[in-house]
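Protein chains in written order, with the working numbering: chain A, 701 to 843; chain B, 146 to 451.
This list has only true hints and no planted wrong ones.
With beta-carbon atoms standing in for the labels, derived distance ranges:
(1) A:SER821 / B:ARG281: 39 to 45 Å
(2) A:ALA754 / B:GLU159: 29 to 35 Å
(3) B:THR169 / A:ALA754: 37 to 43 Å
(4) A:LYS752 / B:ASP436: 55 to 61 Å
(5) A:ARG832 / B:LYS207: 35 to 41 Å
(6) A:THR737 / B:LEU166: 43 to 49 Å
Some chain B residues well away from chain A (every beta-carbon gap over 12 Å; in silico):
(7) LEU177
(8) GLY292
(9) THR296
(10) ILE297
(11) ILE300
(12) PHE361
(13) ASP385
(14) THR425
(15) LYS434
No lab work stands behind these hints: they were computed from the structure.
Note that CB positions come from ideal geometry on N, CA and C, so glycine has one too.
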Amino acid sequence: MSGPIEGDSICPLNSVSAYDYIQALYRLYLVQSGSDTAAERAVRDVLVEAFKTANRDLAKVDFDGLFRAAFQRRDSYAKLSDNQLTDWPRVLHSLPEPQRSTLTLFYLEILPLAFIAEITSSSIERLADTIREARSALARARQ
Amino acid sequence: MPSRLFPLIRPVYENEPELELASTEVRNNAELNVVLERQIAFDNEIVDQLRLLALSDAQIEKLEDSLAEDYGQPAHPHIIPAPATAYVPGAIGSATAAQTVSQPDPEPVDHPPDAEKNAPEKKPEEEEEEEQPRARPLTIFFAIGVGLIATICLIGYIVWDQMNSFQGADRITELLNSANGLTGDEFEAVQTTTDSLKDWFLLKNEHFTVPKEFGFTRTIACRVFQFHNADVGQVMAKDDRELLYFLFDPADLGVQLKGGKWEIVEGERLVGGVTVVEGTCFVVAFRGKHDEMQTYLAKKVTSGNQ
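Required output: the full structure, derived from the provided sequences and hints.
As structure tokens, then:
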């Protein structure tokens, strides 16, 4: 665990399995890239690397770090007009960065807000502003 | 006017310390509460659609294979949680909590259909099959290495054993052991020197030659007896110790030894020094061990050459 959300003070009752983290990571990559193949490959690449770093123990994989890395590499995917996404995920994909990745992290509902703020390098208030703006942009883009 | 944190309020985040105050404020304000519910409804639609995007079971298995293949994972890593672990959609966690015991989310949330589809319901046989550990390449190489070293050692031992032995050594061991039950009555008293035994053997129709190193030892008694259908001359002699000589045609007992070379053979009680001289296999034996015979022969051969 890294960042200010260390320990069980935030969500002591909730538990997220590696499966949930991987699915969430896949969703983030999918929204960023617009391609399920690219997303699957990205998940595999980062997970294999993180698995090695964790001495090949899935329980020790730093999934938070994987989300941070995915956010940091958010601009490495070109926006695809003919992407494989439909409906809201497609609209999410069309948002500019960092709105796209920040709002997706928020909607994944797998990371604490304090950690999302940390990896997006903003305060909780600034995160709230970004979410408000991104949500409005999302609603506008849908119309 | 709503709090600045209002956009962050969602049921799953409401218990977070940063939001507690803002959330209570909004929940206590009927007007804001309506706006919040509208916001939550809007967000729910997106969250639900996002949850439909999921890696299939086959993709997850492929991913597990990639992890297992990487440097040879001893045990197949299981990404799909075991059936005992409750799936908690909407739960917020961290990597450290990833493998902890699950507890149900107090708030009921609909399971995303795809996630449910992906949730494992594996047959016990499949699980057993998956749980079988795979050996790391390092372990395999180590095992092969140990096997190779053991084989090389075994071959080395066989070669060494053959180099330190000769054909017919077993027969000589038997011959030495055959002397264990002798009482002395079997012999004919012949008190002379070994060198002079030639004549005695000639009388017995045998043509045995004694190595020159042993030509001057005093004999006590002699005999010729049958051993595995071969005529063997046996001599009791006295040097600095009691000795027993055996003389025979090496071909009769299948002994093959380079002429002049000495070999040592150990029996149950006796140790024998074996050599072949002019077509006669000569064995000098006494009670003792290999090292004693080695010393004895070294001394004897050296003194014989001088």
